[in-house]
Amino acid sequence: MTTPWTPNPMRAIGALIDGAVLGRRRRRALRLAHRAFEAHHPRWAATRFDDALTARPDGAAALHARDPEALARAWTSRFGYADERRRERDVAEGREVAKDFFETLAEV
Numbered sequence: 584m585t586t587p588w589t590p591n592p593m594r595a596i597g598a599l600i601d602g603a604v605l606g607r608r609r610r611r612a613l614r615l616a617h618r619a620f621e622a623h624h625p626r627w628a629a630t631r632f633d634d635a636l637t638a639r640p641d642g643a644a645a646l647h648a649r650d651p652e653a654l655a656r657a658w659t660s661r662f663g664y665a666d667e668r669r670r671e672r673d674v675a676e677g678r679e680v681a682k683d684f685f686e687t688l689a690e691v
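My numbering puts the first residue of the sequence shown at 584, with every later residue one more than the last.
Worth flagging that the hints you see were computed from the coordinates, not collected in a lab. Fair warning: there could be bad hints in the mix.
Unchecked claim - FRET-style restraints, in silico, Cβ to Cβ:
| no. | residue 1 | residue 2 | range |
| --- | --- | --- | --- |
| 1 | Arg672 | Ala648 | 21 to 27 Å |
| 2 | Arg607 | Tyr664 | 19 to 25 Å |
| 3 | Asp683 | Ala644 | 17 to 23 Å |
| 4 | Glu679 | Asp634 | 15 to 21 Å |
| 5 | Glu690 | Ala644 | 19 to 25 Å |
Virtual Cβ for every residue (Gly too), placed ideally from N, Cα, C.
With the sequences and hints as input, model every part of the structure.
What follows is the structure, given as structure tokens:
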């Protein structure tokens, strides 16, 4: 007969602490990346390519996937486009800016 498994509360607490520390590190890195990005791309930061973008579900998913295309699309989804061609031009330009953001994030 096998003995029932009992969770180790210390291990669970340790995992929570590790997750909280990792979460703080990620938030700090993201904050530093946004500041550096704003200094390098003030025009883009002024057009809401900012921390609020990466906090949105579509922006957070793009951030997690490190997908510049998805981040650019998340950014353009914040605006109403009457002309789809204009949106696609903005996505193309935003993709390059998002690549720079991800490079900045990797450096901090």
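_Unmet hints by their number, sorted upward, for this structure_ = 2
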